[in-house]
Amino acid sequence: MDYRINNEAIISCVIAQVLKRESCDSLRLSLLIPLLMENKTVNNTDLTLVYKEYLPIVVNSIIILTQGNIIRNGGGIISLTDKGNEFCNGMLNHSCSYRLRAIISEIDTCLEETQKFSTVELYQKLKIIL
Numbered sequence: 010m011d012y013r014i015n016n017e018a019i020i021s022c023v024i025a026q027v028l029k030r031e032s033c034d035s036l037r038l039s040l041l042i043p044l045l046m047e048n049k050t051v052n053n054t055d056l057t058l059v060y061k062e063y064l065p066i067v068v069n070s071i072i073i074l075t076q077g078n079i080i081r082n083g084g085g086i087i088s089l090t091d092k093g094n095e096f097c098n099g100m101l102n103h104s105c106s107y108r109l110r111a112i113i114s115e116i117d118t119c120l121e122e123t124q125k126f127s128t129v130e131l132y133q134k135l136k137i138i139l
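For the numbering used here, count along the sequence shown from 1 and bump the result up by 9.
Calculated directly from the structure, the hints in this document are not laboratory data.
Do not take every clue at face value.
List of simulated lysine-lysine pairs, DSS-like, C-alpha gap at most 27 Å [unchecked claim]: (1) Lys-134 - Lys-61; (2) Lys-125 - Lys-29; (3) Lys-61 - Lys-136; (4) Lys-134 - Lys-29; (5) Lys-29 - Lys-92; (6) Lys-29 - Lys-61; (7) Lys-125 - Lys-61; (8) Lys-136 - Lys-125.
Distance windows between CB atoms, simulated [what the hints assert, rightly or not]: (9) Asp-91 - Lys-136: 36 to 42 Å; (10) Glu-115 - Asn-94: 19 to 25 Å; (11) Asp-34 - Pro-65: 16 to 22 Å; (12) Val-129 - Lys-92: 29 to 35 Å; (13) Val-129 - Glu-47: 19 to 25 Å; (14) Asn-98 - Ile-138: 34 to 40 Å; (15) Asn-15 - Gly-85: 26 to 32 Å; (16) Gly-99 - Ile-138: 34 to 40 Å.
Backbone N, C-alpha and C define an ideal beta-carbon position, used for all residues, glycine too.
Put together the whole structure using the sequences plus the hints.
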């Protein structure tokens, strides 16, 4: 399977699982995904590069999920639809990849750590250079 298509599929699932826990804006979601996908610690320079590498894939995944009526964007806040909730519940009931399960298991910890900061503060603290 093509690496990019595989990442879009995994990222789409991760986005849905993040949104199952809390709705958020696209800027925050774009920052959370690389943090979840990269299970190794990266320095700030590398984090900016990783962020920029993931950004087009995150945008494509958001578009795919929106077109599939899995998520909706209302007033700049992205949230799950009823169909999205069913998608999330079904995802975990069926066998998904080891990689996806490992990423999903880290979502609560990541959200707990990042909740302390606004989206702007996160970008500043992580020194993401746009």
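Structure-based check of each hint:
At roughly 17 Å between alpha-carbon atoms, Lys-134 and Lys-61 fall within 27 Å of each other, so this suggested pair holds. In summary, the hint linking Lys-125 to Lys-29 is supported, as the alpha carbons are separated by about 19 Å, within the 27 Å threshold. Taking the CA atoms of Lys-61 and Lys-136, the gap is about 13 Å. The hint holds against a cut of 27 Å. For the proposed pair Lys-134 and Lys-29, the alpha carbon gap of about 26 Å is at most 27 Å, so the pair holds.
For the suggested pair Lys-29 and Lys-92, the alpha carbons sit about 11 Å apart, so the restraint of at most 27 Å is met. The hinted pair formed by Lys-29 and Lys-61 meets the criterion: a straight-line CA distance of about 25 Å does not exceed 27 Å. For the given pair, Lys-125 sits about 24 Å from Lys-61 by alpha-carbon distance, which is consistent with the 27 Å threshold. For the given pair, Lys-136 sits about 16 Å from Lys-125 by alpha-carbon distance, which is consistent with the 27 Å threshold.
Range check, Asp-91 to Lys-136: Cβ separation about 39 Å, and the 36 to 42 Å hint holds. A hinted range of 19 to 25 Å holds for the C-beta pair Glu-115 and Asn-94, which are about 21 Å apart. Checked against the hint of 16 to 22 Å, the C-beta distance between Asp-34 and Pro-65 comes to roughly 18 Å, which is consistent with it. As the Cβ distance of Val-129 to Lys-92 is approximately 32 Å, the hint placing it in 29 to 35 Å holds.
For Val-129 and Glu-47, the Cβ-Cβ distance of about 22 Å falls inside the hinted range of 19 to 25 Å, so the restraint holds. A hinted range of 34 to 40 Å for the beta carbons of Asn-98 and Ile-138 is consistent with their spacing of about 38 Å. For Asn-15 and Gly-85, the Cβ-Cβ distance of about 29 Å falls inside the hinted range of 26 to 32 Å, so the restraint holds. At roughly 39 Å, the beta-carbon separation of Gly-99 and Ile-138 lies within the given 34 to 40 Å, and the hint holds.
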